[in-house]
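**Q** In order, the protein sequences belong to chains C, E and V. Residues in the first sequence are numbered consecutively from 1, following full-length UniProt numbering. Residues in the second sequence are numbered consecutively from 1, following full-length UniProt numbering. Residues in the third sequence are numbered consecutively from 1, following full-length UniProt numbering.
If you're looking for bench data, these hints aren't it; they were derived computationally from the structure. Among the hints, erroneous ones may be present.
Capping the alpha-carbon separation at 30 Å, the derived lysine-lysine pairs in DSS-like fashion look like this [claimed, not checked]:
id : chain 1 : residue 1 : chain 2 : residue 2
1  : C       : K30       : V       : K366
2  : E       : K103      : C       : K617
3  : E       : K28       : C       : K626
4  : V       : K157      : C       : K27
5  : C       : K61       : C       : K73
6  : V       : K157      : C       : K620
7  : V       : K157      : C       : K170
8  : C       : K517      : V       : K196
9  : V       : K440      : C       : K582
10 : E       : K53       : C       : K617
11 : V       : K366      : C       : K598
12 : C       : K618      : V       : K158
13 : V       : K158      : C       : K27
14 : C       : K582      : V       : K296
15 : V       : K296      : C       : K118
16 : C       : K30       : V       : K296
17 : V       : K454      : C       : K617
18 : C       : K618      : V       : K440
19 : C       : K598      : V       : K158
20 : V       : K157      : C       : K598
21 : C       : K620      : E       : K28
22 : C       : K170      : V       : K296
23 : V       : K454      : C       : K591
24 : C       : K591      : V       : K296
25 : E       : K103      : V       : K157
26 : E       : K59       : C       : K618
27 : C       : K170      : V       : K454
28 : V       : K158      : C       : K30
Residues per chain, in single letters:
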Amino acid sequence: MLNATTIALIPLLPLAGFLVLGLFGRKYFKNSSGIIATILLLAATILAIYTAYGYFFEYGKVNGVYEKFIPLKYTWLQFSEGVSIDMGIMLDPITCMMLVVITFVSLMVHIYSLTYMKGEERFATYYSFLGLFTFSMLALVISSNVFQIYIFWELVGVSSFLLIGFYYDKPSAVAACKKAFIVTRFADLGFLIGILILSFYSGTLDFSALIQRLTTPGSAELSAALSSSFMGISALTWAMVLVFIGAAGKSAMFPLQIWLPDAMEGPTPVSALIHAATMVVAGVFLVARLFPVFALSAPDALRLVAYVGAISALLAAIIACTQTDIKRVLAFSTISQIGYMMFALGVSKYGGEGGLGYTASMFHLFTHAMFKALLFLGAGSVIHFIHSNEMKDMGGLRKYLPVTHITFLIACLAIAGIPPFAGFFSKEEILSAAYQNNMIIYWIALFTSGLTAFYMFRLYFGIFWNKAPSLKERAGGEAHAHGEGGFAMMLPLILLATGAAAAGFIPFGNFVSSDGKGSESAFHLQFSIAPVLFGLTGIFIAMWLYKKENNKPDIIAASMNGLYKSAWNKFYFDEMYLFVTKKILFNLVAKPAAWIDKNVVDGLVNATGNTTMFISKKIKGIQSGKVQQYAAYFLVAAIAVAVLFIYWWK
Amino acid sequence: MFTPGLYHILFISTALFFIGVFGFLTRKNLITILMSVELILNSVNLNFIAFNKYLWPDKLDGLFFTIFIIAIAAAEAAVAIAIIINLYRSHHSIDVDNAEEMKY
Amino acid sequence: MNLTLLILVPLITAIALLLMRNKQQVKWLALTGATVQLVLAFVLLFTYRNEVASGNAEQFLFQQQYDWFPSWYISFHLGVDGISVAMILLTAFVVIAGVLVSWNIDRMPKEFYFLLILLSFGAYGFFLSLDLFILFFFLEIAVIPKYLLIGIWGSGKKEYAANKLALMLMGGSALVLVGLLGLYFSNPERTFDLVKLSHLDIPVYIQKICFPLLFVGFGVFTALFPFHTWVPDGHSSAPTAGSMFLAGISMKLGGYGCLRVAAYVIPEGAKEYADIIIVLSTIAILYGAFATMMQKDLKYMNAYSSVSHVGFVLFGIGMLTKTAITGAVIQMVSHGLMTALFFAVIGMIYERTHTREVNEMGGLLKVMPFITTVLFIVGLCSLGLPGLSGFVAEVTVFMGAWEHPDFFHRFATILACMSIVVTAVYILRAISRTAMGPIKESYSNLTDARWNEKLAAIILIAGIIAIGVAPFWLNNLISPGAEIIMQKFSVAP
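Next up, chain C with everything else stripped away, as it sits in the complex:
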């Protein structure tokens, strides 16, 4: 049954891990910390599955609708009547789904890291950070309050910062973690202001009350929010756009995508957990959480979501085709896939048949978590083996890493949308949702799915086929020694591969839908043919180009010189941002501010002091020390006073 303690324990167990390992790990659990954290997370995973099972199959459905439950709510900070930050738990289908995804992927990463991070000096710290992240992410998804989400939103941001910067003595990692934090922080500014606007108009921060007030047609709150406008756009639309900026920042959507590729400086399991499966989809989750408001009251904002999603999907896919660092390819693929989820939400309507996009988006989130985590962990195995991220150092690895090879292939097939793997089902739903609502986005999505298949198989063939390896010169001969990393690294790969292969058969629409009523997932043959064809084309092109070592890729790259170059340089977004921050903010705002402070404001203060000094210097001669001079002054003054009194003082 519904039990608040059980649910609260899910995030609290990783938190306990964070506190214990963070405070005492270095001293007392130097080697056992991994095991401790993994056991705690295993417990959390079991509780999460138990909760999700209970919700979906026992008590969740009331009169055929999946209800929202709030088993726990505690006032954390009261602002004014009705407006308060509460710490609470809200259970609904997407929460339960996310709980399972997060705990499961996190558990996989915990197990995987037991070997991957072995021998690391800050092993305990690593696990404590993982605990912090898992705690914040879990607490984020069970939030019952907008501000609660914001709080944990920031906390996942900081845990991501800490984990990206885990190799703190590497300057590139330091720069990357700073960048990730600052870019998302900038987006969070939008989120914060959005929350402020929402709270002002709805008079509450509580999700269920807020959604209800802002979606009931004719309610006082809604009409106030719609009628007041700024620059011709209603306050509510502004609020939702600002909230979406926050979401876009965290999910690395265009044009805030710049931080995610750099974030790959973190340890690979961390990339799998945070920058592929869980944290980066928080933006999608947020939009889904506020979906009724988007869909019913701010359709313009929703349209923005759709287009931003589509552009990100396409742009990232193009860039991914040119990158050579395998983790960066995966990072761009993540952006592209999250773009899918975003525009799926964007083209969705609330309830009924039109709500297909919502279901599809959540479904894709679910399947993507599986195969993308698998891809990253597989890439981790490769990197662990070869000690390099660059594709040019790889090739022919299928003989050395058989398990990795098979699981990686499954993941690639899944992401390329080849039946019967998980990605096929979710992508098919997304495409049919797009087809119903927006043809432009449909074609973008279709083209992108072809690109996806191409760059994923480029990666696959590049790593596992292509030229034969000569490992001795590259890895100094010791590469063979540790092989695939043993059971702890293989188990997660196998489990995730099972998920990536089978997750598609879950009748997702029954459980997750925009209005909770559930819908049959209809299978449309005509919508599945096109993406599969595109996917297969992409795969064959990749095979033709990359299966054997040859110079075709270089020729093609050379023939598309301009496009290739700009895609390789990520369309110069980094440079643009750098220009704005360095040249404009730094040189034109910060520098003058500091200069003004030093010279003008402080100058005035010093000028006051100096003027006083100057005057005193001028008049100090009067104090000559000569008694007779004093007497003369005295006399003159006395006479003057006397004259004054006699003649003017009548």
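Since the structure of chain C is already known, use the hints to place chains E and V on it.
**A** Chains E and V only, in chain C's frame:
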């Protein structure tokens, strides 16, 4: 016989006062300055006595004040000479221009 | 609870310190005194909460009143409400941390500790007094030790900094004095008593004259733009404990004064000038943040960021809503703890690396994990990470500010919100340059924190986390006081 009136005496005392002031401002020798101060004090004494005698002959306030001032002048002279002697010991001179340590 | 105890303990400690013979005695006596203060502050907190819980609805609890100068109607009048309790707790935390951090001071330890404790004496008195004359008296007591602390134990341009600080603060208190006298002579009862004054109707034209005097006067203490320039020089030249006291306690004297004296006693004046306050504080918030970006010296950096953070206090006061004022007080407490901790950490780093230049450090995480962890925590608190106190304060201020529906307030709030990004930029720059990156050869055998430094950091971190994780207790403590202040503004926005 010519009897001096109030104005005559006031004239003398004023003259005496300004001689004293002049001496005070121009002399460099501290003893002379002290003597000038005495002149100024005595001019005041003269004033007191003259006013007392000519304006309120039945009262004695002016006389009392005069005696008071003479007493003070004596004390003051004692203190001043003590200072001058000390000054002489430290500066080996009683020139007022040399004693200007107390400036800015 | 006898409030006089809170004043007497530091006074007695200070006097007893002068009688001590050697360094050991001095240190332990100072620590004992500080501990007693902390214990008393907690006793005050709990008795206050009990008293309120048992239904005592009086505005000021535990009042005590003795005649001091009856012919001028000056009385020694003490009393606390939630806001003062919060400030006293803050003072006690900072004092004990400051004493611990200066454990190894070599130069005239007796005099050093004497001045520290004397400063805390002034601060306690200031926060407790309900008579404006006494309040002013304690304010002045708190100024003088700073001058000596910087002038004698400081570093760098210490004489210049000490003079600048003392002169600017004295100028501020001169304005305060004029304002107080204005109030005194214009009220029919000729009283300095805060409670009585708050119930009198002071003519509006007097309020309009007195408010700027008092607000600017106290504002100088709180780094009101453009009277903030003593902050960077003063902080960076002061010894570690001096900076901690300066930023942690002394700047809060001003904020408390602005709130308790200026806004509370002179509501009409406050309404009149609220917009100007908002403009100035918004400038301070953003401009301080941008100026911080350019700093290379850690202490200068924290000093400028203090200007920015303390801007939120004045911003909250200027907003004149209950939530915003509550936020302002939370920000005072939060910033006090945070910035004290920041200066403590900077002091610890400086003591080891002998430099405060950010560019000369790097990779310190490797050799001093404890200190850099503290640096991380305090940095994250400064940039408003949830779970630490800074977030609670800023969010409360923003929520309070947003209660105004008009464009001017909205715009100011959005500008103020922007500072959270700029703050993130400079904090991360500083942290990554000092703690992260490759380590320098010469730093590779530095040592981590000693017990006293650890204890000081842990005490302050405990305060920061206690507010950040469970803000409701502080909020419940402060908001009734803010409510009463707000009642004075009859037309609540």
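**Q** Any hints from earlier that this structure breaks? Give me their numbers in increasing order, please.
**A** 4, 7, 8, 10, 11, 13, 15, 16, 17, 18, 23, 26, 28
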